[in-house]
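If you're matching them up, the sequences are chains H and W in order. Counting from 35, one number per residue, gives the positions in the first sequence under this note's numbering. Counting from 87, one number per residue, gives the positions in the second sequence under this note's numbering.
Don't take each hint at face value.
As the list claims (entries may be wrong) - Quick partial rundown of chain H residues pointing at chain W, CB under 8 Å, derived from the structure:
hint, residue
1, Thr128
2, Pro131
3, Pro232
Hints were generated in silico from the structure; no laboratory data involved. Just so you know, even glycine gets a beta-carbon here, dropped at the ideal spot from N, CA and C.
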Amino acid sequence: MSASPIQALLERLYREAKADRWRLPQVAFANALESSCRKAYPDGDPSSRDLSRYLSSLHLEDLALACACAEGHAAAWDHFILEMRPVLYRSADTLDPSGGARDLADSLYGDLYGVDERGAARQSLLRYFHGRSSLATWLRAVLAQRYVDRVRSARRLDPLPDELPEAAGASPISDSECAHLVDVLRGALGGAVARLAPRDRLRLGCYYAEQLTLAQTGRLLKEHEATVSRQLARTRKVIRADVERALHEQGLTDARIARCFECANEDAGPMDLAEIFVESAARKNSSQDRSI
Amino acid sequence: MKREPVTLGREADNWLHRLLRQRSAKPGAAAPAGNCLDADVLAAWADGTLSAKELAIAETHVANCPRCLTILAAIERTVPPASVQPQKQHLLIRWLVPLTVAATAVAIWVAIPEQQVIPVARETAATRETPSTSSPIPAPSPAPPPVAAPRLDAKQVEGRQEKAQSQRAANARADEEAATDRLARLESALADSAAPVSEPLLERDRAAVGNSAATPAAPPAPQASAGALSETIGATAQRRAFSKESVFEAVSPTEPLVRWRVLSGTEIERSTDGGKSWARTSKPPAPISGIRVVDALSATVTTSDGRSFSTADGGATWTPVQEKPAAPF
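Starting from the given sequences, assemble the full structure and let the hints guide the process.
Here it is as structure tokens:
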């Protein structure tokens, strides 16, 4: 592309972003767009058509606001606080109704402002906002990341169940045969979940492990909640067939398999789907894991 | 050989459902799958702006990464209610539309069958005519309110339909004669009177004669579907105007040869031979604006001051009718 069309495109995007109300230099806005493009197309140069489509799909006003805040424009920052503080606080209260996530939201402001104790250049967290979503959603995502990481690290420090005094010596399943069968079933279930297609596993994880509603699961997967319900029923059927096949392969008779299910039904204490998901994820070939 | 599942039926699905629901409420502490999605991608996923390729890659990762799954779920939980509202409204509208259609259909179903099973008195071709704009006679006063029709069982309906069918043939003949008669009167009036008579009115009467002759037993055209709603057990007369006189004419729904008519809003005549001969009856105490006919002896007239009078003796005496509240249908 020649310089002139790029310049024209930049000016158009600048106007659409209404970046002049923050007195944001055009160069700073162009740098933010370039950074966004570089992240979206890390492997090479996109065609001018793809580039134009991508740039037009960005949340330009939010990008200009974030850019202006990162540059330290007072008016932009005031606007940001006015608009985004309620979003952050409401999200924090939803994540932890007892108010435990409020301090995370408050501490987030420091990182967003990019305060540097040594007086060096500002390193605002808002530089990592590339305009692919609304600024409010991005802030919710950052807050959710921090909250989940805090909870996960706190859980790692929790004593193991067998260290708990009330848990010592108290097996959730008194019948030793039953406990063994549940262990076998658990292994078969983990294998069945691991063999599911990623989307099926994701749907199962959203609904059962994360206990989202059908509507929430549907919104994440861009499916209607009736479709989610139908697909979950289908996945359960697939899992059941796979579990039974695995148990048969382990030499269990039909009667023993039926007993397996009875035991799991009566008391599935150690059956933690979240753990099963972790195990099933570990079984997957790690080379398949990709990130973007 | 394919094995039959050990657990069958709904119970078999329930155990797995219950099993899967039993989990810790805390997010998993297991290590993430590595190279987790950053906030930018997670937010773009939540906003639905990832490309199909990016979404497929992200789904594969999140399906194997408990940390990203938990973060994604947390983002979804924090969706502000305002973002969810449009979808709820959409769902509400999606339910409202078929409900409204169904309610309308039920209302039509309730209303229409009552009209269909009742042999509607056919108005003559002339009485269907609306007054011409050039007519010196003022616009007709509204017809009497429709009478609530009783619900009929299947046998009654069948009987009445057969009867109505036979009546239609007789009506067609009578219509032809009446239209011919009126056409002759119209043309003579046009010749005698200086008052203008609308040409379309004449044309319509000519057409009525022609149509009636061509299809003597043709069923009544669904011309006045709105008017049909006001036609009930009794035939409702409408005012029609010629150059110097106005005629209200109504046919009995049960006896097609029985006709009643009101001349110039004051005189009432009755015919029992399809309009060939007319006998004058006594008059109600006020100018008449409408007439409803039941049979050769019974009829009800509405006067211009809003009162109603009925007769059960062929018009020899007229007794005032007590107003009753209108029926819902």
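Hinted contact H:Pro232 with chain W - closest CB pair below 8 Å: holds, 4 Å
Proposed interface contact between H:Pro131 and chain W, which counts if any beta carbon pair is under 8 Å: violated, 11 Å
Evaluation of the interface hint that places H:Thr128 against chain W, nearest CB under 8 Å: Holds. Min distance 5 Å.
The earlier numbered hint that this structure contradicts is number 2, and it is the only one.
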